[in-house]
Structure formats: C-alpha cells, structure tokens
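Participant: Next come the chains, spelled out residue by residue.
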Amino acid sequence: MTDIDHPETFRGLPVFTLPGPSDEHTEPLPAADAVAWRLESAWQDGLTFDLLWRHFLDTVDTTRVRALLVGPWWQEEYTPFGPVIALLTAHAERLPALRALFLADVVSEECELSWLEMADITPVVEAFEGLEELTVRGCGEQGALALRPVRHPALRSLRFESGGLPSALVRAIGASELPALERLELWLGVTEYGGDATVGDLAPLLSGAGFPRLRHLGLQNSEIQDEIAAAIASAPVVTRLESLSLAMGTLGDTGAEALLSGQPLTHLAALDLHHHYISDPLIKRLAALVGPDRVNGELDEAEYWDAEEDEERYVAISE
Amino acid sequence: MSRSASSGPGGPPGAAPRFAVVGVPGNRRVTLFGDAVRAAGLPAVRVVPWLDVLRGTAAFRPDETVRLDSPGEDPGVERLLRAVEDPTRVEGTALWYARFTAAVREVARAAEEAGATLLDSPQEVTVLFDKRLCHAVLHGAGVPVPASPTSGAQAPAVRGWADVRALMTAHGMPRVFVKLAHGSSASGVLALETAGPGRVRATTSVERDAGGRLFNSLRLRRCTTEREVAAIVDALAPDGLHVERWLPKATVRGRAADLRVVVVAGRATHAVVRTSRSPLTNLHLGGERGDLDGIRAAVRESGGSWEDALSVCERAAARFPDTLCVGVDLLPSTGWRRFAVGEVNAFGDLLPRLTGLKGSGAEGQDTYAAQVAAVLNRAGNHRATAPS
Chain L
729 MTDIDHPETF RGLPVFTLPG PSDEHTEPLP AADAVAWRLE SAWQDGLTFD LLWRHFLDTV
789 DTTRVRALLV GPWWQEEYTP FGPVIALLTA HAERLPALRA LFLADVVSEE CELSWLEMAD
849 ITPVVEAFEG LEELTVRGCG EQGALALRPV RHPALRSLRF ESGGLPSALV RAIGASELPA
909 LERLELWLGV TEYGGDATVG DLAPLLSGAG FPRLRHLGLQ NSEIQDEIAA AIASAPVVTR
969 LESLSLAMGT LGDTGAEALL SGQPLTHLAA LDLHHHYISD PLIKRLAALV GPDRVNGELD
1029 EAEYWDAEED EERYVAISE
Chain P
5 MSRSASSGPG GPPGAAPRFA VVGVPGNRRV TLFGDAVRAA GLPAVRVVPW LDVLRGTAAF
65 RPDETVRLDS PGEDPGVERL LRAVEDPTRV EGTALWYARF TAAVREVARA AEEAGATLLD
125 SPQEVTVLFD KRLCHAVLHG AGVPVPASPT SGAQAPAVRG WADVRALMTA HGMPRVFVKL
185 AHGSSASGVL ALETAGPGRV RATTSVERDA GGRLFNSLRL RRCTTEREVA AIVDALAPDG
245 LHVERWLPKA TVRGRAADLR VVVVAGRATH AVVRTSRSPL TNLHLGGERG DLDGIRAAVR
305 ESGGSWEDAL SVCERAAARF PDTLCVGVDL LPSTGWRRFA VGEVNAFGDL LPRLTGLKGS
365 GAEGQDTYAA QVAAVLNRAG NHRATAPS
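In order, the protein sequences belong to chains L and P.
Take the first sequence: its position 303, counted from the start at 1, is 1031 in my numbering, and no numbers get skipped.
Take the second sequence: its position 179, counted from the start at 1, is 183 in my numbering, and no numbers get skipped.
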C-alpha cells in the first residue's frame, strides 16, 4: 500500500503537468476543463513559480479550469509556500470554476514532507468559495502549516496528508463551519514533526456537531492511534459514518480491543486499518465483526532502518 | 593498442567467430553468454578466468573474438583486485580500479599479440569505470547528464564531507548523489539532501560499524545527523568520490522509476524499468521491475517521446564506439518529458530472459543473443565488403 504519491487523477480528471514556457512541447494543450492542471517549477533552469503561474494564466483558459495541483514550487533550494498562497489568492477571480485544489503535490523523491515549508492556507480557503475538494500535503514542523477557523459552504472533502499536523490546525478544523463536508481525513503524524494534537483536540470532530453531512472520517497516521481508537469506540460521530480509517498509525491490540468492546461498527462499509500492530487473533475478530471484505488489515514492511533513532512502532508517513 | 571491435571479429573473413570470454567460470553471466553462442550454432565459448589474467597466465588464440565480462562475484578475484578479505566491504575500489584497468590492458595486449579481436576497449573501460571521467565524456558530447562539480580529470579531488558540503553550497545543489568514483551496484552511494544549516538526510546502502569499517548492506539506511553522514563520507573519500545533482525521478504509484537500457552495437535493444520507494532503484536494494508499457504510455501522455529517450541512450553509447555493449541508466524527470543519463555500465547486460524491444532488431533475443547476432552481423558485413 502506497500512501504518498502523485495522483494520476484528481477530481476524476487525469492530472496533466503544464509544460514550462521553454519546454519543447509540440502537442496542443488539452481542453481547460478536461484535465486537472499540475504546476511544477522546480529544477527547470531558472523557471520560477511566479513565471509559471503567469504562463498558466496566459496559455490556459483558466475560467474553465476545474482542478489544480501545485507541485514543487521552488527552483533548487526549498522555499516557503507563502508566496504561492498569495498568488493563488490574488488571482482567485481568474479561476471561477475551480472545484478541487491540491496544495503541494510533492513526494519524498522531491522533498521530504517534513521539509516542505508550508504556510497559512486560510486565504486560499476563503478566496475560493466554490471549492469542493481540498487536499493539503505537508507537515507543521516549525508551525508553518496553519489554518484559522473558517466558514465554507461548499467544501465537501478535506484531506491533510502530513507527518505532523499541528494541534492548532486540528482545533481550527474543529472550530470551522463546514456544512457540506462529507469526507474529512487527517494524517496526524508524530510529535517529532510537529504533530502534537491530543485526543482532546479531536473532540469537536468526534462529536460530529460541526459537520452534519460527514460520511467518512479518517484519523490516521498517528502515534497515539490506540488512544484515538479508544475515543472512536464511544464517539457520537461514528453512527453517521459510512467509512472510517484508523490506518497508517501505531494501532495495536489496546486500540483493537477498544473497538471490539465499544459501540457497534457493523454499519460501516469500510474500516481501513492498514499498517497496524494488531495481533492476528484480534484483527480476525475485527474482520469477523465488521465483515472480512470491509476491513483492510494489510501490514506494511519497514522501508528504512535507522538504528540510532527507530523505535519498534512507527507511523507510515512521518519525515 | 587492441584492434577495435568495429573492425570485425578475428579469423579469416567469413569464418564463424570463435568466442572466448574473460570472466568468472561458472558465473551466470558466462553461462548465459555461452548459451547464446550455442543457440547460434557456433563453437562452444572458451572461458578465460580472470584469475588467470591476474596471475599472468591467460592466453588467446589467433581466431578468437574476445569478450570481457564482469570480474565480480569471485572472492579470489576480488581479493587480488581489491586486497580485502570480505567482499561485502565497501573500501578498496581505487585499488580495484587501478588493478582492473591494468588487467584489461593486459588482456588487450595478449589478444593483440595472439591476433584475436577484443569486443571491448581498454581506453573506454578506463572511462566507463570512473564516473567522473564518464560524466565529462557524456557532458562534452551534449548527452544530458545531471550537473556535477566533480566532472572530468581536472576536477579537484573530494577529500571528505567538508568538501562535499562546500561543493553543494558553491554549486547551489541542496540534493546530490555522492558516489564512489569506481563503485558499482549502488555500493558506496548516498542520496543526500540538505536544507539550510544542520539539516541533512542521507539514504544509503552503506553500513558503518563501530570500528569505522564500511559494509554494503542490503537494507537501506537513513542517516539524519551530520555526524553520521560525515563519518561515512570521510571513510569513502580516499577511494575517490563523484558528486552529481539528484534530479527527482518520475514516480509510478509512489515509486521512483528509472530505466536500464542496453545498447548493442549502437542500437538500443533492451529496456527494463526499475522502481523503488527509495532513491536507489537497484533490484537488490528493494527495487522492482516495473511495467515498461506503462512507462511508454506515461511518456506519450505527458507529451514526451519514447524514441527521444532511447536516442539519448544511443548517443551516450556512441561515446564508446569500441565497446560492443553498454547498459545505460536513464533517469526520467518528474513529468516524464526530460531524460538524463545516470551512468553507463560496461557490464550492464545481465537481464536474464529479457527479450528485445519491438523494432530494435533484437525481438525475441536476450541481451546475450543480441550481442552474438551483432558480432555475426559484423562478420557478414566484413565478408560482404572484403575484396574478393
């Protein structure tokens, strides 16, 4: 199971990376509303994101663009994301049809998640009122990734892919008014990379009060996955869910037992637990309870080994 | 000076070539080549052990066509070339290079003296087994390669971590590969990234024990402190280091991808995709063979050209005209539109059972059969053009 990737499709559209101004690209560009546009400026001989953005505005009918992904935005040395946020926000009126936005479609081959110098994304959320889907990738080390509580009438899917999601951001999501929100996925990460949210910070999400239409909840990739599972076992939001993910974290038998002895989960069409530390008998009991074809109990192999630093249990995505 | 491979096989014009392989007896490379020769209906290959070459007892016959194969996977040969007891040790590649290139020169001399034809060139071997020289040759010929501050014979030697760090800063390269100048199979390679002072991360197959000795490990390691990285780089440096920009590779389902393209007699004949979740795609380090058709489709869909990608490999191989076969590591950049050559390998043809690319002329042939066919083809051309 691969958790971090360049998506091949986004919002149901094939992802197409815009050729740079000096790219020898002879094929005609696809129709503006036929693809999800991906902008990447890095490692292209002096191309800046600013230049690429202007090239995008000049060569694509942006009034019809429905989905946009921002890839590596720096040149050689990593740079902060703030200027990209400012550009997007300043030209929001040029993208009236934008429904889906992916901020920082970057994989570790390009920059480690925890090194992405993310920014406060609130201006973008506020500027694009028609936005229905927002994915944000990056960590909160040094507090760079931030969000203030927002009210957004259209947002249906919100996902944060992170090796460390700041507690302030988690609280801001809980304090936001997102009446249309159907899918919420938070990769909480580890304290070492700024993921300092506690179960207490998740309380508004677990109550389900702020998001009346929520159908999918993912509280995953956490080093306190057992505690989260214990909270889920009695969380009011669960009865409204169609699917739940507690995957990618350090979920072990403690969490599994809490789920088994807690409120019914049999209404779930999918329970994603992939990358876990649950013993075989307990994962089988969970599968039997919810339905074997509804539980993803896949294990993951370690990719790296750092003898000085690694502990026995680790989350799928951190650095 | 050996007779060049392009002058046709030894022996009288029109005679079936008789192959000799300088290699490790019983090694699969030698076996696979022998199988291809037999399948072509030619006389059995005569194996000339590297051990004999190194002991000065190797001899060739006047009608022979001599192929060099890898001296690897033989502890006795390794000991003589590298002066280490444990073949999993990383150190000793500078000595290996000096002794190996001298041995190849000796093969060429003995072959020439006997009137045999060598399918490789000692001069080109000297370049192919020095990543700094190889980089300069490719760069000088306009073949796209990742930028390098250690390119060519004139570049200053890298004496340790302090030098690497200084080069990275001076050349604005926060992400580089640090490689042994004479390494192979990702031995002694670090994929190194930095961001500002003190932030460093390296992925490597090098394992450093408490006594400071270096070993090739099948398990990739992450080093996240400058102290760890410096200790490894400092220990590698005496054998010679090559530094080049780490261009992010294109990814397939979260796995970085590159290609090994085999070029035989100037023609790209075979290609495999290697994908990995780590920056090192070598198969023994967790890399997997990927789906070539999928890659071709990805290149096409992104507006790139598969033919251009292959022609980059052929242009790289063309810098080694007296070497019958090379394996080119081709690095696709993210987005699949640009390609660069990572390395050119003299013994890069070990891809058992892989058959040739459509339209390459080697359809249905493995890399060894394609080389035998190329030699026969040259013999045919030689016969056709020889005055009657």
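Everything labelled a hint here was simulated from the structure, so no lab data went into it.
In this text, a Cβ means the ideal position worked out from N, Cα and C, and glycines have one as well.
It is possible that part of the hints are untrue.
[What the hints assert, rightly or not] Some chain P residues flagged as far from chain L (calculated, every beta-carbon gap over 10 Å):
(1) G60
(2) A62
(3) E197
(4) L251
(5) G258
[As the list claims (entries may be wrong)] Computed Cβ-Cβ distance ranges for the label pairs, DEER-style:
(6) L:A903 / P:A151: 42 to 52 Å
(7) L:R1041 / P:L380: 58 to 68 Å
(8) P:D297 / L:A1016: 36 to 46 Å
(9) L:D789 / P:D39: 54 to 64 Å
(10) P:S315 / L:P1020: 27 to 37 Å
[As the list claims (entries may be wrong)] So these bits of chain P aren't anywhere near chain L, every CB distance computed over 12 Å:
(11) R33
(12) T35
(13) L36
(14) A48
(15) T92
(16) A118
(17) H175
(18) M177
(19) A195
(20) R249
(21) A260
(22) L296
(23) A302
(24) E305
(25) R342
Participant: Evaluate each hint against the coordinates.
Facilitator: Status of the hints after comparison with the structure:
1. G60: It holds; G60 (chain P) is separated from chain L by about 45 Å at its closest Cβ, greater than 10 Å.
2. A62: A62 (chain P) clear of chain L: closest Cβ-Cβ about 43 Å, beyond 10 Å.
3. E197: 7 Å, violated
4. L251: Given a closest Cβ separation of 6 Å, the condition is violated.
5. G258: The claim is violated: G258 (chain P) sits with its nearest Cβ about 3 Å from chain L, within 10 Å.
6. L:A903 / P:A151: 42 to 52 Å: 48 Å, holds
7. L:R1041 / P:L380: 58 to 68 Å: 60 Å, holds
8. P:D297 / L:A1016: 36 to 46 Å: At 41 Å between Cβs, range holds.
9. L:D789 / P:D39: 54 to 64 Å: Holds: the Cβ-Cβ distance is about 59 Å, inside 54 to 64 Å.
10. P:S315 / L:P1020: 27 to 37 Å: At 51 Å between Cβs, range violated.
11. R33: 30 Å, holds
12. T35: 33 Å, holds
13. L36: 31 Å, holds
14. A48: 44 Å, holds
15. T92: Non-interface label stands for T92 (chain P): nearest chain L Cβ at 17 Å, farther than 12 Å.
16. A118: The claim holds: A118 (chain P) sits with its nearest Cβ about 50 Å from chain L, beyond 12 Å.
17. H175: At about 9 Å from chain L, H175 (chain P) fails to clear the 12 Å cut-off, so the statement is violated.
18. M177: Contrary to the label, M177 (chain P) does not stay out of reach of chain L, its closest Cβ about 7 Å off (not over 12 Å).
19. A195: The claim breaks: A195 (chain P) does not keep its Cβ more than 12 Å from every Cβ of chain L (closest is about 9 Å).
20. R249: About 8 Å separates R249 (chain P) from the closest Cβ of chain L, which leaves it inside 12 Å; violated.
21. A260: At about 5 Å from chain L, A260 (chain P) fails to clear the 12 Å cut-off, so the statement is violated.
22. L296: 17 Å, holds
23. A302: 9 Å, violated
24. E305: 8 Å, violated
25. R342: Given that some Cβ of chain L is not farther than 12 Å from that of R342 (chain P), nearest at about 8 Å, it is violated.
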